[in-house]
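Heads up: the sequence lines are chains X and C, in that order. At position 7 of the first sequence the residue is numbered 6 (numbering that gives the first Met the number 0), and the sequence of numbers has no breaks. At position 36 of the second sequence the residue is numbered 35 (numbering that gives the first Met the number 0), and the sequence of numbers has no breaks.
One or more hints might be untrue.
Covered by chain C, per the in silico footprint, the following chain X stretches (three or more residues, Cβ under 8 Å) [as the list claims (entries may be wrong)]:
{"no.": "1", "stretch": "17-27"}
{"no.": "2", "stretch": "69-78"}
{"no.": "3", "stretch": "108-115"}
Capping the alpha-carbon separation at 25 Å, the derived lysine-lysine pairs in DSS-like fashion look like this [as the list claims (entries may be wrong)]:
{"no.": "4", "chain 1": "C", "residue 1": "K15", "chain 2": "X", "residue 2": "K118"}
{"no.": "5", "chain 1": "X", "residue 1": "K176", "chain 2": "C", "residue 2": "K438"}
{"no.": "6", "chain 1": "C", "residue 1": "K438", "chain 2": "X", "residue 2": "K61"}
{"no.": "7", "chain 1": "X", "residue 1": "K177", "chain 2": "C", "residue 2": "K421"}
{"no.": "8", "chain 1": "C", "residue 1": "K160", "chain 2": "X", "residue 2": "K118"}
{"no.": "9", "chain 1": "X", "residue 1": "K30", "chain 2": "C", "residue 2": "K438"}
{"no.": "10", "chain 1": "C", "residue 1": "K79", "chain 2": "X", "residue 2": "K177"}
{"no.": "11", "chain 1": "X", "residue 1": "K176", "chain 2": "C", "residue 2": "K160"}
{"no.": "12", "chain 1": "X", "residue 1": "K175", "chain 2": "C", "residue 2": "K161"}
{"no.": "13", "chain 1": "X", "residue 1": "K30", "chain 2": "X", "residue 2": "K175"}
{"no.": "14", "chain 1": "X", "residue 1": "K118", "chain 2": "X", "residue 2": "K61"}
{"no.": "15", "chain 1": "X", "residue 1": "K140", "chain 2": "X", "residue 2": "K118"}
{"no.": "16", "chain 1": "C", "residue 1": "K161", "chain 2": "X", "residue 2": "K118"}
{"no.": "17", "chain 1": "C", "residue 1": "K7", "chain 2": "X", "residue 2": "K177"}
{"no.": "18", "chain 1": "C", "residue 1": "K438", "chain 2": "X", "residue 2": "K177"}
{"no.": "19", "chain 1": "C", "residue 1": "K79", "chain 2": "X", "residue 2": "K30"}
{"no.": "20", "chain 1": "C", "residue 1": "K417", "chain 2": "X", "residue 2": "K30"}
{"no.": "21", "chain 1": "X", "residue 1": "K33", "chain 2": "C", "residue 2": "K163"}
{"no.": "22", "chain 1": "X", "residue 1": "K175", "chain 2": "C", "residue 2": "K417"}
{"no.": "23", "chain 1": "C", "residue 1": "K161", "chain 2": "X", "residue 2": "K176"}
{"no.": "24", "chain 1": "C", "residue 1": "K160", "chain 2": "X", "residue 2": "K2"}
{"no.": "25", "chain 1": "C", "residue 1": "K79", "chain 2": "X", "residue 2": "K33"}
{"no.": "26", "chain 1": "C", "residue 1": "K160", "chain 2": "X", "residue 2": "K1"}
{"no.": "27", "chain 1": "X", "residue 1": "K30", "chain 2": "C", "residue 2": "K15"}
{"no.": "28", "chain 1": "C", "residue 1": "K163", "chain 2": "X", "residue 2": "K175"}
{"no.": "29", "chain 1": "X", "residue 1": "K2", "chain 2": "X", "residue 2": "K140"}
{"no.": "30", "chain 1": "X", "residue 1": "K95", "chain 2": "X", "residue 2": "K176"}
{"no.": "31", "chain 1": "C", "residue 1": "K438", "chain 2": "X", "residue 2": "K175"}
{"no.": "32", "chain 1": "X", "residue 1": "K1", "chain 2": "X", "residue 2": "K95"}
{"no.": "33", "chain 1": "C", "residue 1": "K163", "chain 2": "X", "residue 2": "K118"}
Hints in this document: simulated from the structure, not taken from any laboratory. Remember, it's a predicted structure, so these values are computed and weren't measured experimentally. All C-beta atoms in this analysis are idealised placements derived from N, C-alpha and C, irrespective of residue type, glycine included.
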Amino acid sequence: MKKFETFTGVVAGVDRANIDTDALIPKEHLKSIKRTGFGAALFSDWRYNDDESDNPEFVLNKPETKGAEILVARNNFGCGSSREHAVWAVVQYGFKAVIAPREGDVPAFADIFRNNCGKNGLLTIELSAAQVDEIFQTLEKEPGVKATVDLEAQTVTLHAAGGDDEYAFEIAPDLKKKLLEGLDDIALTLQYEADITAYEAAHS
Amino acid sequence: MSKTLFDKIWDAHVVKDLGNDEVLLYIDRHLVHEVTSPQAFEGLRLAGRPVRCPERTFATMDHNVPTDENRMNITDPIAKAQVDALTENAATTGVTLFPLGDDRQGVIHIIGPEQGIVLPGMTVVCGDSHTATHGAFGSIAFGIGTSEVEHVLATQTLRQKKPKNYKVEFTGTLQPGVTAKDMVLKLISIIGTAGGTGCAFEFCGEAIRVLSMEGRLTICNMAIEAGARAGLVAPDQITFDYVASGNRVYAPKGEELEKAIENWKQFYTDEGASFDHELTIDVTTLAPQVTWGTSPGMGVDVTGEVPALDAVPEYSPADVRAALDYMGLEPGMKMTDIQIETVFIGSCTNGRLEDLREAAEYIKGKKVANGVRMLVVPGSEAVRYAAEKERLDRIFVEAGAEWRYAGCSMCLAMNADKLRDKERCASTSNRNFEGRQGKGGRTHLVSPKMAAAAAVHGHFVDIREEL
Chain X
0 MKKFETFTGV VAGVDRANID TDALIPKEHL KSIKRTGFGA ALFSDWRYND DESDNPEFVL
60 NKPETKGAEI LVARNNFGCG SSREHAVWAV VQYGFKAVIA PREGDVPAFA DIFRNNCGKN
120 GLLTIELSAA QVDEIFQTLE KEPGVKATVD LEAQTVTLHA AGGDDEYAFE IAPDLKKKLL
180 EGLDDIALTL QYEADITAYE AAHS
Chain C
0 MSKTLFDKIW DAHVVKDLGN DEVLLYIDRH LVHEVTSPQA FEGLRLAGRP VRCPERTFAT
60 MDHNVPTDEN RMNITDPIAK AQVDALTENA ATTGVTLFPL GDDRQGVIHI IGPEQGIVLP
120 GMTVVCGDSH TATHGAFGSI AFGIGTSEVE HVLATQTLRQ KKPKNYKVEF TGTLQPGVTA
180 KDMVLKLISI IGTAGGTGCA FEFCGEAIRV LSMEGRLTIC NMAIEAGARA GLVAPDQITF
240 DYVASGNRVY APKGEELEKA IENWKQFYTD EGASFDHELT IDVTTLAPQV TWGTSPGMGV
300 DVTGEVPALD AVPEYSPADV RAALDYMGLE PGMKMTDIQI ETVFIGSCTN GRLEDLREAA
360 EYIKGKKVAN GVRMLVVPGS EAVRYAAEKE RLDRIFVEAG AEWRYAGCSM CLAMNADKLR
420 DKERCASTSN RNFEGRQGKG GRTHLVSPKM AAAAAVHGHF VDIREEL
């Protein structure tokens with residue numbers, strides 16, 4: 000996994016709650032035995048017209064936001080299937096971070112999706128509903144606005160015309176370390192191979 | 000200390016505490032299918048790592064396989080590549096495979112229980128969110144991504160944080176015609192598709208206790224549609240009888256089974272154990288459920304109407320508007336006035352023998368309405384054989400339905416079984432997301448009985464009035 004480094008990129012907003020994995024990558028694009036090549040399929044039902052031309056209304060087809068690196072959406076992002084292809088599509092499009100709000104009991108991201116993000120170096124940032132409202136308001140006024148994501152400092156800074164808006168976010172310390180150092184889970188677990196063997200011996 | 004059912008199984012599988020609330024959890028059974036596994040096997044190969052426990056790993060092809068007569072001859076080149084990759088990966092790693100054409104092949108979540116692969120007290124994972132199904136045995140079963148599939152193949156463990164415990168108690172007695180599917184759809188419409196996020200459900204109460212294993216599997220299957228990765232039912236005599244019955248090749252037999260059952264009796268929630276969340280649903284007045292929107296939580300009683308934009312607690316008016324535009328519906332329409340064009344009976348939710356019997360019992364001697372296409376897709380080849388032995392296939396075919404071979408089929412439309420743009424379907428599957436059953440297709444989730452009744456009438460009807 001690549002190390003997560005501080006970056007500044009264009010922010011794109013898809014103003015919907017419950018964006019499910021079938022929307023992120025419709026299943027006709029799941030038929031590959033490779034781990035690459037999913038970026039073009041991201042949001043394909045919304046992004047392309049029936050004749051496969053670009054839908055000019057969709058945010059990723061607008062000149063200001065094409066090639067964005069930070070995605071903002073509403074809560075329960077990534078619900079539905081466990082397909083990691085959804086995360087691969089988001090990452091391979093070029094996104095490095097996704098921002099969504101927790102609203103009351105409703106979390107920003109669905110469980111399995113969020114877990115899969117961590118395995119692919121994609122940072123999920125949970126902000127408050129009011130903060131995400133603010134970001135959407137700025138996006139409407141200033142399409143193509145950029146932001147800086149600093150994982151070490153745990154901040155997102157939106158570079159709005161009227162000045163910077165900085166938002167702090169929380170992240171589990173172990174996940175932060177994994178992302179910053181680009182650690183491979185399997186290699187980490189295999190350090191405990193003796194424990195696994197002992198468990199198997201005791202339970203056979 | 001009093002423990003929940005979930006905590007007992009979890010604690011028995013902790014290999015090591017990793018700190019930061021994370022543990023290394025041992026995995027007893029790993030189920031594998033063709034769509035989410037090729038990249039995991041490729042990763043292992045590239046790293047030069049073996050499959051640690053091939054004997055704990057079981058694979059089949061289900062997601063993209065054709066279900067018609069020509070199923071052995073897969074014409075879609077990429078689907079064929081996935082099926083071929085799984086065949087080769089199983090052969091080189093020693094993983095047990097039930098290939099296409101084998102009489103044990105079928106939807107992975109149907110064959111796991113059927114073959115006795117999944118048993119009470121186990122931890123079970125699969126690269127598929129509907130792995131929650133297997134919790135019906137009193138096991139911890141949940142879906143994982145492909146990176147985790149690779150992790151389990153390499154280490155037979157997963158790094159996991161313990162979810163919260165969420166008790167869902169179903170009290171009362173179901174009316175005739177109302178089923179387990181209606182119970183779980185009702186739950187999701189109450190708490191929404193994120194209501195169980197971060198939690199494992201334990202389904203309990205007298206309405207669960209009287210359910211067959213098939214009904215319990217249906218309810219646990221849809222735990223993920225309420226956001227929970229797992230849903231469990233404590234094992235009881237119904238569970239033990241299920242394991243002991245039929246031809247469950249991988250289940251213990253005779254004296255070994257008796258010993259196992261004694262051990263399984265420890266898997267229940269202790270008196271006084273505490274839950275993080277609790278919910279009670281009385282099923283006495285529960286009506287058959289039909290979804291009207293593009294999220295499994297967008298459901299109402301069949302006697303009800305498409306709701307007003309601001310009358311759906313778990314969804315914003317904008318989300319409701321978007322869903323209704325996609326579905327081609329307007330607030331105030333009666334659910335029973337919604338005309339359907341296609342009926343799909345099958346899937347890991349409702350593709351078991353009991354589901355087919357319920358649909359067949361209703362449709363026997365009746366005809367599918369003019370212009371309606373009805374697909375009946377058994378969840379496994381074993382289900383198909385058993386159904387044909389009871390001549391259920393004749394009942395469906397005489398009614399005008401198509402009788403197919405086993406596979407996921409139109410539940411997710413990765414094979415040729417798809418809805419056309421704007422085609423409206425009564426489906427016994429689990430997801431009504433936009434495009435789920437084919438681009439532009441409109442899905443209404445219902446029970447098998449409700450689907451059969453909709454096929455005959457050409458629109459939804461209250462099955463209770465048909466009995």
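We went through each hint and held it up to the structure:
1. 17-27: Check passed, 7 qualifying residues.
2. 69-78: holds (count 3)
3. 108-115: holds (count 5)
4. C:K15 with X:K118: Status holds; Cα separation ~20 Å.
5. X:K176 with C:K438: Judged against 25 Å, a Cα distance of about 40 Å means the pair is violated.
6. C:K438 with X:K61: It holds: about 23 Å lies between the C-alpha atoms, which stays within 25 Å.
7. X:K177 with C:K421: Distance of about 45 Å is beyond 25 Å: violated.
8. C:K160 with X:K118: 15 Å, holds
9. X:K30 with C:K438: With Cα atoms ~16 Å apart, K30 of chain X and K438 of chain C stay inside 25 Å; holds.
10. C:K79 with X:K177: 36 Å, violated
11. X:K176 with C:K160: Given that 25 Å is the threshold and the Cα spacing comes to 16 Å, the pair holds.
12. X:K175 with C:K161: 19 Å, holds
13. X:K30 with X:K175: Status violated; Cα separation ~32 Å.
14. X:K118 with X:K61: Violated. K118 of chain X to K61 of chain X sits at ~30 Å, over the 25 Å cutoff.
15. X:K140 with X:K118: Given pair K140 of chain X, K118 of chain X is violated - Cα atoms ~34 Å apart, limit 25 Å.
16. C:K161 with X:K118: With a Cα-Cα distance of about 18 Å, the restraint between K161 of chain C and K118 of chain X holds, given a limit of 25 Å.
17. C:K7 with X:K177: Cα-Cα ~30 Å, so violated.
18. C:K438 with X:K177: The hint is violated at about 38 Å.
19. C:K79 with X:K30: 9 Å, holds
20. C:K417 with X:K30: With a Cα-Cα distance of about 16 Å, the restraint between K417 of chain C and K30 of chain X holds, given a limit of 25 Å.
21. X:K33 with C:K163: 35 Å, violated
22. X:K175 with C:K417: Cα-Cα ~42 Å, so violated.
23. C:K161 with X:K176: Holds: K161 of chain C and K176 of chain X sit about 20 Å apart, inside 25 Å.
24. C:K160 with X:K2: Holds - the C-alpha atoms of K2 of chain X and K160 of chain C are around 23 Å apart, at most 25 Å.
25. C:K79 with X:K33: With Cα atoms ~14 Å apart, K79 of chain C and K33 of chain X stay inside 25 Å; holds.
26. C:K160 with X:K1: Answer holds: K160 of chain C to K1 of chain X is near 24 Å, not above 25 Å.
27. X:K30 with C:K15: 37 Å, violated
28. C:K163 with X:K175: 22 Å, holds
29. X:K2 with X:K140: The given pair, whose Cα atoms are some 33 Å apart, is violated under the 25 Å limit.
30. X:K95 with X:K176: Satisfied, since the Cα-Cα distance of roughly 16 Å is no more than 25 Å.
31. C:K438 with X:K175: Judged against 25 Å, a Cα distance of about 38 Å means the pair is violated.
32. X:K1 with X:K95: With a Cα-Cα distance of about 11 Å, the restraint between K1 of chain X and K95 of chain X holds, given a limit of 25 Å.
33. C:K163 with X:K118: Within the cut-off at roughly 22 Å; holds.
The earlier numbered hints that this structure contradicts are 5, 7, 10, 13, 14, 15, 17, 18, 21, 22, 27, 29, 31.
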